[in-house]
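**Q** Modelling step: build the complete structure from the supplied sequences, incorporating the hints.
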Amino acid sequence: MKKIFFIGLWCFILFEISLSAKNYNEINEGFFTTNKIDNLIIGQINNAQDSIIIAVCSFDWKPISDALIEAKNKGKKVVVLTDKRSVNMPMKNLSSNYEESCVAYIKSHGIETYLYDDSIHQGCMRIINLF
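Under the UniProt record's numbering, residues 1 to 131 are what the sequence shown spells out, in order.
It is possible that some hints are incorrect.
Said to hold, decoys possible - Cross-link-like lysine-lysine pairs, in silico, DSS-like; alpha carbons within 25 Å at most:
1. Lys107 / Lys62
2. Lys107 / Lys76
3. Lys62 / Lys92
Everything labelled a hint here was simulated from the structure, so no lab data went into it.
**A** Here you go:
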């Protein structure tokens with residue numbers, strides 16, 4: 001019952017945020033299988049005015065974590081929702097693997113992070129750049 005409530009609440013929040021967008025170009029969805037999407041994602045993070053909300057599965061990519069931390073350091077509100085399994089995924093980039101997870105890394109920099117017990121849709125990242 002708790003899981004259904006959370007899913008329903010999350011869908012409602014995303015629906016409400018989507019309706020409140022000034023125009024639909026402000027909501028971007030990216031489905032990716034290669035590293036080429038980095039520029040799109042980091043560009044959206046860098047273009048955020050005041051707030052960034054990201055829902056992502058398999059969060060293990062250090063360049064995105066670095067961009068989120070940079071945005072937070074510039075005074076933007078950053079919120080991340082990810083799968084609980086991301087806590088145990090070592091952070092990586094093109095040339096290195098790290099012992100620390102992206103979740104631990106961004107949390108240590110004060111980014112508001114929420115963990116979902118089950119899997120969020122595989123291969124999906126939603127960046128909502130509204131505020």
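**Q** All hints, please: hold or fail.
**A** To see whether the hints hold, each was checked on the structure:
1. Under the criterion of a C-alpha separation no larger than 25 Å, the hint pairing Lys107 with Lys62 is consistent with the structure, at around 13 Å.
2. Between Lys107 and Lys76, the direct Cα distance comes to roughly 15 Å. Compliance with the 25 Å bound is thereby established for this hinted pair.
3. Distance hint between Lys62 and Lys92 is fulfilled; the C-alpha atoms sit about 6 Å from each other, no more than 25 Å.
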